[in-house]
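**Q** Quick note, the sequences are listed as chains A and B, same order.
Residue numbering for the first sequence follows the working numbering, beginning at 1 and increasing consecutively.
Residue numbering for the second sequence follows the working numbering, beginning at 1001 and increasing consecutively.
Treat the hints as calculated values from the structure; they're not laboratory data.
Just so it is clear, the structure is predicted and the values come from calculations on it, not from any experiment.
Hints are supplied without guarantee of correctness; some may be wrong.
DSSO-like, lysine-lysine: derived pairs with alpha carbons at most 30 Å apart [claimed, not checked]:
| # | chain 1 | residue 1 | chain 2 | residue 2 |
| --- | --- | --- | --- | --- |
| 1 | A | Lys189 | B | Lys1088 |
| 2 | B | Lys1088 | A | Lys174 |
| 3 | A | Lys118 | A | Lys174 |
Covered by chain A, according to a simulated footprint, are these stretches of chain B (three or more residues, beta-carbon under 8 Å) [unchecked claim]:
| # | segment |
| --- | --- |
| 4 | 1012-1024 |
| 5 | 1054-1063 |
| 6 | 1073-1086 |
Beta carbons: idealized from backbone N, C-alpha and C, even for Gly.
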Amino acid sequence: MFWNYDGYGEARFSRAAFIPRKGSAGITNSIRDAFLKLLKVRQTLLGKMDKSEVAPPAGMYIDAKIVISSDVRFLPVVRHTIGNLTTEMGWNESDSRAITLAVEEALTNKIRHAYHGKDDGRIQMEIRTEPDALVFQLTDQGEAPDPALICARREGSLTPGGFGTHIIRDVMDKVVYETVDEGNQLTLKKYMPGTGRALAGSE
Amino acid sequence: MNVSHRTSHGALVIDVNGDIDMEESPALRAVLFDAMKEGPKVALNLSEIRYIDSSGIAVLLEALRESQRLSRAFVLFGMSKAVHDVFKLTHVIKIFQVADTEEQALSA
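Using the sequences and the hints, build the whole thing.
**A** Given below as structure tokens:
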């Protein structure tokens, strides 16, 4: 079996360590022993391992993946998470709100267009930092977007549609729609405040 | 999102608070469309709205079109900076009649 710890390495562990001894007390003791062995192995490995193998990237970073159903009730959860994250990472309140809105628009577009409002679709959201940017990657297995329909709305129009795409393109520095093995993937990149690329403008 | 309404100076004032997102916007649409049938003027109080997304903006645009169809006045007031930012992002701020306060909205 493999024991993944801290996301920065793997340790091979003997299956024999988990074979319980006879009797309920024996099973309890076996489980306890197994945990103690795991802890010992973890401490040993962390002690011996080169620091570069366990050290996180420099500065504030995130590398997270969440998978949610295409249910609108998750929108406030995502909203608060992204809002808090972007504020903590240095964006001002106004920019933080804009980034949050853009990500939520991407999410609602997937619910509305990929899954046609059904709440049992699967949406995977990855959030990660690059040296100068925060990246959001949303993947679904619903209907692929029609490139002809991915367009920003006409300014001043009274037609109530196309706002989401408009907001996403306006707020994010890079927007890429792709079809990958896992489904329809939308990648949104926002350069960190104060970095050279953020100051240079969007791609 | 919570919605209530009252009459003031001959206008129907609709108070909403909370977030207007994809989940909540259909309820707001229903309230606004009903209100348009009630009287000559509808004033929407947005001062307690913390968040609005594109589905909320779309509903307000639909309500505006309905007000024009029925020859009603439709005015928004009390926008926070957060809401105002979204109106600016979607380039619809100039389409609506917007007032800072309820008093201004009702006298406009």
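**Q** Each of the hints needs a verdict: does it hold here or not?
**A** Hint check results:
For the hint linking Lys189 (chain A) to Lys1088 (chain B), the alpha-carbon distance of about 21 Å falls within 30 Å, and the restraint holds. Proposed proximity of Lys1088 (chain B) and Lys174 (chain A) is supported: the alpha carbons are some 21 Å apart, at most 30 Å. Restraint check for Lys118 (chain A) and Lys174 (chain A): satisfied, since their Cα atoms lie roughly 28 Å apart, inside the 30 Å limit. Interface restraint, the segment 1012-1024 of chain B with chain A: holds (4 residues with C-beta to C-beta distance below 8 Å; minimum three).
Only residues whose beta carbon comes within less than 8 Å of a beta carbon in chain A count, and the segment 1054-1063 of chain B has 7; three or more means the coverage holds. Against chain A, the segment 1073-1086 of chain B contributes 4 residues with a C-beta closer than 8 Å to a partner C-beta. That satisfies the three-residue criterion, and the hint holds.
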